[in-house]
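Undergrad: For reference, the chains in residue letters:
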Amino acid sequence: MSDMASPVSSARQVSVRQDIVPRTFVRSQVSPDLPPPLAVGGVIGWMRDNLFSSVLTSSLTLLSIAFLIWALPDLVRWLFIDAIWSAPDGDACRAPGAGACWAYVNAKLEFFAYGSYPRDMVWRVDLTLLIGAGLAAWLLWPSAKHKAAALVLFLVVYPVIAFHLLHGLGPGLRATLSLLADLFGSKPLADVAANSLPVVGTNLWGGVFVSLLVATVGIVVSLPLGVLLALGRRSKAPVARFLCVMLIEIVRGVPLITVLFMANTMLPLFVPEQWSPDRLMRPLIGVALFASVYMAEVVRGGLQAVPKGQFEGAMALGMSWWAMMRLIILPQALTIVIPGVVNSFIALFKDTTLVAIVGIFDFLRAVDTARLDPVWAGPTISATGYVFAATFYFVFCFGMSRYSMMMERRLTRGRSH
Amino acid sequence: MTVQASPQPAAGLATDGLAIEIRDVHKWYGKFHVLKGVDLEVARGERIVICGPSGSGKSTLIRCINRLETHQRGRIVVNGIELTDDTKRIEEIRRDAGMVFQHFNLFPHLTVLENCTLSPIWTLRMPQKEAEARAMHFLERVRIPEQAHKYPLQLSGGQQQRVAIARALCMSPKVMLFDEPTSALDPEMVKEVLDTMVELAQEGMTMICVTHEMGFAREVADRVAFIDRGEIVEINTPEPFFSAPQHERTKLFLSQILR
Chain A
1 MSDMASPVSS
11 ARQVSVRQDI
21 VPRTFVRSQV
31 SPDLPPPLAV
41 GGVIGWMRDN
51 LFSSVLTSSL
61 TLLSIAFLIW
71 ALPDLVRWLF
81 IDAIWSAPDG
91 DACRAPGAGA
101 CWAYVNAKLE
111 FFAYGSYPRD
121 MVWRVDLTLL
131 IGAGLAAWLL
141 WPSAKHKAAA
151 LVLFLVVYPV
161 IAFHLLHGLG
171 PGLRATLSLL
181 ADLFGSKPLA
191 DVAANSLPVV
201 GTNLWGGVFV
211 SLLVATVGIV
221 VSLPLGVLLA
231 LGRRSKAPVA
241 RFLCVMLIEI
251 VRGVPLITVL
261 FMANTMLPLF
271 VPEQWSPDRL
281 MRPLIGVALF
291 ASVYMAEVVR
301 GGLQAVPKGQ
311 FEGAMALGMS
321 WWAMMRLIIL
331 PQALTIVIPG
341 VVNSFIALFK
351 DTTLVAIVGI
361 FDFLRAVDTA
371 RLDPVWAGPT
381 ISATGYVFAA
391 TFYFVFCFGM
401 SRYSMMMERR
411 LTRGRSH
Chain B
1 MTVQASPQPA
11 AGLATDGLAI
21 EIRDVHKWYG
31 KFHVLKGVDL
41 EVARGERIVI
51 CGPSGSGKST
61 LIRCINRLET
71 HQRGRIVVNG
81 IELTDDTKRI
91 EEIRRDAGMV
101 FQHFNLFPHL
111 TVLENCTLSP
121 IWTLRMPQKE
131 AEARAMHFLE
141 RVRIPEQAHK
151 YPLQLSGGQQ
161 QRVAIARALC
171 MSPKVMLFDE
181 PTSALDPEMV
191 KEVLDTMVEL
201 AQEGMTMICV
211 THEMGFAREV
221 ADRVAFIDRG
231 EIVEINTPEP
241 FFSAPQHERT
251 KLFLSQILR
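As they're listed, the protein sequences go chains A and B.
Sequence positions in the first sequence follow the working numbering and run 1 to 417.
Sequence positions in the second sequence follow the working numbering and run 1 to 259.
By construction, these hints were calculated from the structure, which means they are not laboratory data.
Since the structure is predicted, the reported quantities are computational estimates derived from the model, not experimental observations.
Treat the hints with care, as some may be off.
Using 27 angstroms as the maximum straight-line C-alpha spacing, the simulated DSS-like pairs for lysine-lysine come out as follows [as the list claims (entries may be wrong)]: (1) 150/B - 88/B; (2) 236/A - 31/B; (3) 308/A - 88/B; (4) 174/B - 191/B; (5) 88/B - 147/A; (6) 88/B - 236/A; (7) 236/A - 308/A; (8) 150/B - 308/A; (9) 129/B - 308/A; (10) 145/A - 129/B; (11) 174/B - 88/B; (12) 308/A - 31/B.
Working from the sequences, and respecting the hints, build out all of it.
TA: Pasting the structure below:
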């Protein structure tokens, strides 16, 4: 390129620097790898890097240690050492110096779990939760087979089963069953038709299972609906885009409490009286809608983060818009937004506590009600109940968080170098 | 203004059916007139190399052929199908016209094999076994069958581009469009991609390549087109194009890129 490499200039260089004898060097073998110095690897290296890397981090480390020394012993004593683990009533817990009253939690466990659901029929709730947990595990287990079948079971079959288990057989189904029983002359079937699964109204539902129900419906509805809304918002069809933008902005622009009140009071106005949604159905719709519009915006962020080349690569192969979205764009967009999606799920899970204000007896409401029981009332009862509730919510949310991080690692494999 | 050296296909090639027919195509980006009445006919089996300075509209032109860009005037016919707004037709044309991009545009969440089988399975409704067999066939042709189960980003740039070529070939295209296939590659990887393209050309594939690889143009092109400011300035067979360019702008351009 320049004249630097020409013989003339190199000759000039040699003439200028005659003190240097021209030498050549050719390495004959590759240098061996040496182990890192102690300060890089090992415990000391780790501590130096993570705890004492500067004056600021060192002082923060010391401060944290001091805080733990100050707070931990009292906390441990209250939670475990001085705690009352078993007692027939609140007397032991009312004693001065008593810690957390786990005996009370133990005594109220059924109430926390099922609310006022008839005690002799809680097996129906247990069975529903068990089936749901099994299907969810099948769906969420990374290497499980036949996920499409699991999805159909979970989304189509399970809701029907769950409804009839929890709510009981409606008069229509009962009549059909007894008709069938008459037809076949089957005595057991007639028994089933007459007596099994009596109706338990949603006014008796409560506790953990209602919280899980609201959260599950919210999560299961919000993801697909959110994806559809996000696609609609990015669509080139003006009407679809306008409707999606309106729905998203309106629902997102009001507090969840307002959405719940509106669902509670306005939904019945829109439909004929005999189809008026159940009192639990209304907040379910409200929560699902609210979660969906947030999900839509999260997913839209992911759609926008997928490089244009991915769309072009798919289009150039002659793929249809739906195939491109389903096979190329959404898998990448959703992987990108896993943190945001899980953030929404966690927020939704905790927001389910708000359904209490439209009269739904969720887990937190059950805890709140149980602490007023005069048999147990005492100075530590409220704190114990709320610590228990907090632990419950934390375990679920932390579980979601860890699961999502695991999935994120799995899904991004091959995408990093 | 244009030197009409030969807008018709080069002699000796079958002209019974044109692979691509571009007639008076105009395109604007807002007020910017990118393509100003481009005419080009490509016969079946013909290899065209398009070169030109950046911003001249050469990529826009090749991207109009499979409707990654829309033209606003004129007509484009690919394998007898005219490009309109009809989605079905566009998809049909895209299935017949494989495209290789500057930045590969492989799907990073799918393995190399899945990249190659995805569209045959979903748009050609090919059974999975058959699609995989075909994908392996083309991966062998581009000499990377051993990478089939890796993810694209685990491969080098040259390997990725060869996967992209194999992926396009899996759709059995009648035409291959190359949009600066070697521009994003490290220098030592350019040759392996060009070799693959030369082999493809020798097998008689109809090809349109936007590239600055003039050695490639000399070796395989039937005609070389020079585009500047949205129009074809000069188009000719490689020998006269390089040794005796007619137009001043062509001469200037060639003097800038050939050392």
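Undergrad: Checking one constraint from the list: CA of residue 308/A to CA of residue 31/B, max 27 angstroms. Satisfied?
TA: Within the cut-off at roughly 23 angstroms; holds.
Undergrad: Taking 27 angstroms as the top limit, are the C-alpha atoms of residue 88/B and residue 236/A close enough?
TA: holds (17 angstroms)
Undergrad: With the threshold set at 27 angstroms, check whether the alpha-carbon distance from residue 174/B to residue 191/B stays at or below it.
TA: Distance of about 24 angstroms is within 27 angstroms: holds.
Undergrad: Would the hint linking residue 150/B and residue 308/A be met if the CA-CA limit is 27 angstroms?
TA: This hinted pair holds, its Cα atoms lying about 23 angstroms apart.
Undergrad: Checking one constraint from the list: CA of residue 236/A to CA of residue 308/A, max 27 angstroms. Satisfied?
TA: holds (16 angstroms)
Undergrad: Would you mind confirming whether the straight-line C-alpha gap from residue 88/B to residue 147/A stays at or under 27 angstroms?
TA: Distance of about 32 angstroms is beyond 27 angstroms: violated.
Undergrad: Quick one, are residue 308/A and residue 88/B close enough, alpha carbons at most 27 angstroms?
TA: Judged against 27 angstroms, a Cα distance of about 22 angstroms means the pair holds.
Undergrad: Between the alpha carbons of residue 174/B and residue 88/B, is the straight-line distance 27 angstroms or under?
TA: Measuring from Cα to Cα gives roughly 18 angstroms; hence the hint holds.
Undergrad: Decide if the proposed pair is consistent with the structure: residue 150/B and residue 88/B, CA atoms, cutoff 27 angstroms inclusive.
TA: violated (33 angstroms)
Undergrad: Starting from residue 129/B, check that the Cα of residue 308/A is at most 27 angstroms away, please.
TA: Distance ~31 angstroms between residue 129/B and residue 308/A Cα, so the pair is violated.
Undergrad: Residue 145/A and residue 129/B: Cα distance at most 27 angstroms?
TA: holds (19 angstroms)
Undergrad: Can the restraint linking residue 236/A and residue 31/B be considered satisfied, given a maximum Cα separation of 27 angstroms?
TA: holds (22 angstroms)
Hints 1, 5 and 9 from the list above are not met by this structure, while the remaining hints are.
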